[in-house]
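Asks: In case you want the letters, here they are:
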Amino acid sequence: MRYAMAVDTKKCVGCSDCVVACQTENNVPIGYCRDWVVEITHGTYPQLELEIRSERCNHCDNSPCVRCCPTGASHYSDGGIVLVTEDKCIGCGACISSCPYDARYPHPDGHVDKCTFCIHRVQKGQKPACVEVCPTKCMYFGDLDDPNSDVSKVLKKRKFKTLIPEAGTKPQLYFLI
Amino acid sequence: MKEELIISGRMNYKVDPSLHIWGWEIPLYLFLGGLAAGVLFFAGLYYLRGKENEYQSAVKWVPMITPFLLAIGLGALFLDLHHKPYFWRLYTTIKLQSPMSWGAWTLMVITPLSIIWSATYIKDVFPKWDWKYKWVDDLVAYFIEYRTQLAWIMIIFSVILGIYTGILLSAFNARPLWNTSILGPLFLTSGLSAGAALIMMLSKNPLERIRFSQIDLMLIAVELTMVIHMFMGFRASTEVQIEAAALFLGGPYTLSFWIFVVFIGMLLPAFLEIWELKGNHIPAYIPAVMIISGSLMLRFIIVHAGQASRYLY
Amino acid sequence: MKQSRREFLKISSLGIGGVTLAAPFFNWANGAIVSDETPGEDFVNRTPTYCEVCFWKCAGWVYKNDKGNIWKIIGNDEDPHCNGRLCPRGTGGLGMYYDEDRLKTPLIRKTIDGKQQFVEASWDEALDVVAKNLNKLKEKYGPECTALFTHGSGGKFFGDLLKAFGSTNITAPSFAQCRGPREVAFLATYGEIIASPERVDIRDTKCLVLIGSHIGENMHNGQVQEMSDAIDKGATIITVDPRFSTAASKSKHWLPIKPSTDIALLLAWIHEVIYNEWYDKKYVDKYCYGLDELKDHVKNFTPEWAYGITTIKPHVIRQTAKEMVNASPAVIIHPGRHVTWYGDDTQRLRAVAILNALLGSWGRRGGFYSPEKKSLPSFPHPEFPKPKKTWRDAHPGKYNLAIEVVSNGICDATIPTPDNDCSFKAWIVNGTNLITTLPDQKNTLEAIQHLEFMVVIDTMPMEITGYADVILPECTYLERYDYCRTDQNREPSIALRMPATEPKYNTKPDWWIVRQLAHKMGLDKFFKWNDIEEVLDWQLKQVGTSLEEMKKIGIKKFPREYDDLYFVEDQDIDFNTNTGKIELYSTDLEAEGFDPMPVYTPHPEPDPGFYRLNYGRHPAHTFSRTANNPNLTDLFDENVLWVNPIVAKEWDLKKGQEIWLENQDGILSTFPIKVRVTERIRHDSVYMVHGFGHDNKKLTRSYGKGASDTELISNVLVDPIMGGTGMRSNFVTFKLENPHKKEVAS
Ligand SMILES: Nc1nc2c(c(=O)[nH]1)N[C@H]1C(S)=C(S)[C@@H](COP(=O)(O)OP(=O)(O)OC[C@H]3O[C@@H](n4cnc5c(=O)[nH]c(N)nc54)[C@H](O)[C@@H]3O)O[C@H]1N2
Ligand SMILES: Nc1nc2c(c(=O)[nH]1)N[C@H]1C(S)=C(S)[C@@H](COP(=O)(O)OP(=O)(O)OC[C@H]3O[C@@H](n4cnc5c(=O)[nH]c(N)nc54)[C@H](O)[C@@H]3O)O[C@H]1N2
Ligand code: SF4
Ligand code: SF4
Ligand code: SF4
Ligand code: SF4
Ligand code: SF4
Ligand SMILES: [Mo]
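Taken in order, these protein sequences are the chains called A, B and C. Just so we're aligned: 136 in our numbering is position 136 of the first sequence, and the numbers increase by one with no gaps anywhere. Our numbering runs 1000 ahead of the 1-based position in the second sequence. Our numbering runs 2000 ahead of the 1-based position in the third sequence.
Be careful, since some hints might not be right.
[As the list claims (entries may be wrong)] Label pairs and their in silico Cβ distance ranges:
1) C:Asn2326 with B:Glu1004: 34 to 40 Å
2) B:Ile1286 with A:Lys161: 42 to 48 Å
3) B:Glu1004 with C:Glu2548: 52 to 58 Å
4) C:Asp2232 with B:Met1108: 54 to 60 Å
5) B:His1020 with C:His2450: 39 to 45 Å
6) B:Thr1225 with C:Glu2650: 38 to 44 Å
7) C:Gln2542 with B:Lys1014: 45 to 51 Å
8) B:Glu1004 with C:Gly2609: 26 to 32 Å
9) B:Glu1004 with C:Ile2415: 47 to 53 Å
10) B:Ser1237 with C:Glu2650: 47 to 53 Å
[Claimed, not checked] Coverage of chain A stretches by chain C, computed from C-beta distances (three or more under 8 Å per stretch; other residues unrestricted):
11) 2-13
12) 22-29
13) 43-56
14) 132-138
Calculated directly from the structure, the hints in this document are not laboratory data. Beta carbons are placed, not taken as given, at the ideal position from N, Cα and C, and that holds for glycine.
Whole structure, please, built from the sequences with the hints as guidance.
Replies: As structure tokens, this is what we get:
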């Protein structure tokens, strides 16, 4: 099993619904976020292109954050989901420094927090909160090992990229282009 | 024009707008670790070379400061932790891939070692010392028997500790500035040089002073080569690393790095030491303080600038 | 302006502190709201609602966690407005409930020691004051001199109250500041309005043409979802917008039109479609009236002619016209929603309606469908009294084609003039922040000064509350019942809103406020109920369901009763127009003395050093109402000024620099606004999101954040056909130093 997510940059409108939905679903304190939206404009008026991406932890296959964690708080869970065990985390910040995507943050309670791929929902057969809420339905989630999952199907059909592949982290968040 | 924006208001504390997860605590911890490693390294080395009585400062009494240096360093590390009640979790696993983990374990070994080493010399330094309990006396006597073995372990672990202070950073590929294997040797050298400088400064023995002054000169030469190497490496690397190097080559850290670390921390003291070796008199503490503060600044600047270098946005 | 009788009062000046009743769920240390809840079980505790953060009214479920606190709001899967997905504002709607800056208790304006101030009052006291004043003014001037401004669900109760009282002057900004021109234009053309949610079949369209409509930033949920579906299905999107909107970035063709010239483009498209005989002949022959006149009319409006006006190249105009034709009839030239731009808006929307008719998209799959709604009967009441006069009497001969009450018309008629015998003396303002909603603030404020009484019902200490004589704090939509939602869609449906929790603080729902007022004003006979549940249950039972059932399902769909979603091939249709046909040539407009077919007229351009003030929506905010919402300010907490890099260079403006704005009439922005240097805006315009620059300190998260577009919109181009307020002919220049400081110094 290998969970992954794909975000369609051709449909995402940058509304940030995925961000609020994550905050309410996961009680992410206000002022913090597990996901965020990036907008990149290329060109000169009126020859312009816009790319909008909803980003979050890439649940890397080869994740430096798990490697550098001194306590084992950061670990791989079901389907390669990278998680932090709150009461094993000492808040040393090593994982934060190690993530090329700046996907982690120090939770005000002390431990480090990040996207969990909504594992509490996924285990119940639901989709992650951000995927479920997105008004443009531009996010796909599922098991890459299952050829019939939403994410496998869309990755077969469409061109995609990952972010900073040169960092060697093998990210599992794909952007359809 | 290319415009790149995070449009969902991401402002994670200590992560945005630029990473600032490590403040003064980690660089101080790295500096004190490096300094202690330097001192203990020379203590072990000169003990094994039979210079126990010639280089008394190096072998006997400067190491007595190291338990305090290490304790303050550990204290700083502890202060840096955001989830302090779980501190003990560090010692429930050994994770070899995590420098933070083996650094913690190295400290676990070297801190008691530094205390034992100091204990074995305490009566040499303070003749009136009394352990109060007989079993302590016996224990210390036991360790005195094994000084040679202790010295070997100390040398090995101080090298590990010294390298660790650099590898802790260079293990983070995510920060282009830290992403260079030179940081380990560079920090080790810088720690040794600071250790040597401390010994030089505190030593009353002119011979010992000259010895450590020579050692420092050599280490500074090595350090300078490594710094040059590091920048050449960056310039020949990926775009993000070129950008990272630019932080020091015209960017916001240029002045502080070249003035405090390279000029005051290396060139000027080297010059003063050569001057002194040529027979002029310069108070030993002047170059020593320069070297030590250069070593401290190196950690601060590399830790801070490293956090300002990133891949995205 | 005259000496102000009604000083703006900052509610912050009174000791509201004592009323913080509920223990804060959020801990505000470090400026962060921290909740210590962990995700709870789904379905633990959910109640139905429909969203009130905008007027799309998506149905959803409010979930509470095991501590009984509101946890999240999720769309109702059965709802055709939202298909189980709320927009960011709806998802963040719980911030309205948690906002600790909310109005907390009734307030009465009193003069104490010669100083006006708000004094906390009990509901009984406050409602007494309202009832007494309204009745007094009724006796003195007649009931018709009281007007109700309302926007939002609770307004229906106040509407009932006002009608019972004897006035029909009930108005919403959604007509004359919003979609009025479109409704009048489509009514004139098809005999039917567009209404909300728009009857556009985006889901199945092959070509979507957006003229200004910035779907994606305009987050009207169903349309955003369907536009995404259309992208998936490979539909062609054509966006006409001077700014590189999000929609433009998703489009095959983006036409960066020169602002205010859309009518020329539309006429050129019509020209192409007619002269190339690309129009749907069968459809036009059967259903349309006035093709020959139209053909004659657009004879000279060639793409070359339009190029000179719009800066859109002739081949692009031809190519896009061809794209529409190829998709026809599954094509939508979108009528837009906020269409009060340049004062000739009804005519522009007429051109839109005509082009759609020529392409045969009205009543066709992928074009415009026939919506249906399920109406609920009113709870029985005696007939309301007939008013002797209405707002129209104040504007003899004007706006005859307006199909709703013109809000600015009421505002104007509140300022007495010698020839106007219907002046308004009292306003009830419910859920509309008129200060930021109506353009020409000076006029609005002057009208307010002439009132003898104003009561404001709101949830937040918005600007309008500062001018009230009595402020009544309504609880938020999450804490109350309202009338059911019965809005149109492809399938008729009814959605229930019920309280998820007790009202926080000393706040009350509109239905309760109105019921109390009715009693105090002696209007009990019109309100033969005591509790809203009684009314809702009765209404629901009339259509075969019940309150009990609705509490469980939230939304109920009903089968269509009248016609099909689309016209049937060769169906005979009697359009509700004078000619019984789709009027390309409008007999209604002609009868009123207006151009029966749209004409292009040039509009003023900015002087050197000035830039056209363009404004729009932010996807995570609704007008001014969400500017203080903790969840939504977390995403976007102040508007910024979009400036083209060329302009930035000229003025030496840097990203993030704070500047002040001054408009063509010398009006200065109260607050500075930060610069965003971006290629997405033309060099003759600047752009900002509407709804920011709040000027009430009590709004702790939004006070002074960004600038207000409204205060800079002092030049209003009123549409002579229906009274709409064109707001896009205002020009601003930059002030790099704080101009307010200088004033103090000199
Ligand atoms: N997130 C969010 N969504 C909303 C709302 C909200 O408050 N927040 N409000 C809702 C309401 S009530 C309404 S009425 C709608 C309004 O939403 P729309 O009907 O989409 O609003 P418009 O004012 O037509 O569109 C603004 C766009 O018009 C462009 N524009 C400016 N001048 C011109 C011009 O001269 N010609 C052309 N072709 N384009 C021009 C601007 O650049 C901008 O992109 O949004 C609805 N949706
Ligand atoms: N400058 C400028 N002016 C505009 C527009 C623009 O784009 N620019 N857009 C125009 C358009 S399209 C429209 S539709 C209008 C919208 O105009 P409004 O609907 O007036 O917009 P808001 O500014 O959101 O004001 C809503 C008010 O209702 C209050 N409120 C929110 N929820 C509740 C509730 O549950 N109960 C009660 N009692 N009050 C509540 C809010 O606190 C706020 O004071 O504005 C128009 N005016
Ligand atoms: S909710 Fe969907 S459309 Fe909106 S920003 Fe997130 S991914 Fe993009
Ligand atoms: S994105 Fe960052 S936090 Fe997530 S798995 Fe990869 S390295 Fe770790
Ligand atoms: S902060 Fe926590 S999760 Fe991160 S590396 Fe340290 S112990 Fe591991
Ligand atoms: S998957 Fe869940 S935790 Fe991750 S960003 Fe989406 S909502 Fe947040
Ligand atoms: S479109 Fe968004 S704000 Fe409007 S009613 Fe629906 S969820 Fe609420
Ligand atoms: Mo509107």
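Asks: All hints are to be evaluated individually against the structure, with a verdict given for each.
Replies: Hints, one by one, checked against the model:
1. C:Asn2326 with B:Glu1004: 34 to 40 Å: This hint holds: roughly 37 Å between Cβ atoms.
2. B:Ile1286 with A:Lys161: 42 to 48 Å: violated, 56 Å
3. B:Glu1004 with C:Glu2548: 52 to 58 Å: holds, 54 Å
4. C:Asp2232 with B:Met1108: 54 to 60 Å: holds, 58 Å
5. B:His1020 with C:His2450: 39 to 45 Å: violated, 56 Å
6. B:Thr1225 with C:Glu2650: 38 to 44 Å: violated, 50 Å
7. C:Gln2542 with B:Lys1014: 45 to 51 Å: Given range 45 to 51 Å: violated, Cβ gap about 59 Å.
8. B:Glu1004 with C:Gly2609: 26 to 32 Å: holds, 30 Å
9. B:Glu1004 with C:Ile2415: 47 to 53 Å: Given range 47 to 53 Å: holds, Cβ gap about 50 Å.
10. B:Ser1237 with C:Glu2650: 47 to 53 Å: Because 39 Å falls outside the window, the suggested range is violated.
11. 2-13: holds (count 3)
12. 22-29: Coverage by chain C holds here, the residue count being 6 at a Cβ distance below 8 Å.
13. 43-56: The restraint on the segment 43-56 of chain A holds, since 8 of its residues have a Cβ under 8 Å from chain C and three suffice.
14. 132-138: Contact hint for the segment 132-138 of chain A vs chain C: holds, 7 residues under 8 Å.
Violation of the numbered hints given earlier is confined to hints 2, 5, 6, 7 and 10; the remaining hints are satisfied by the structure.
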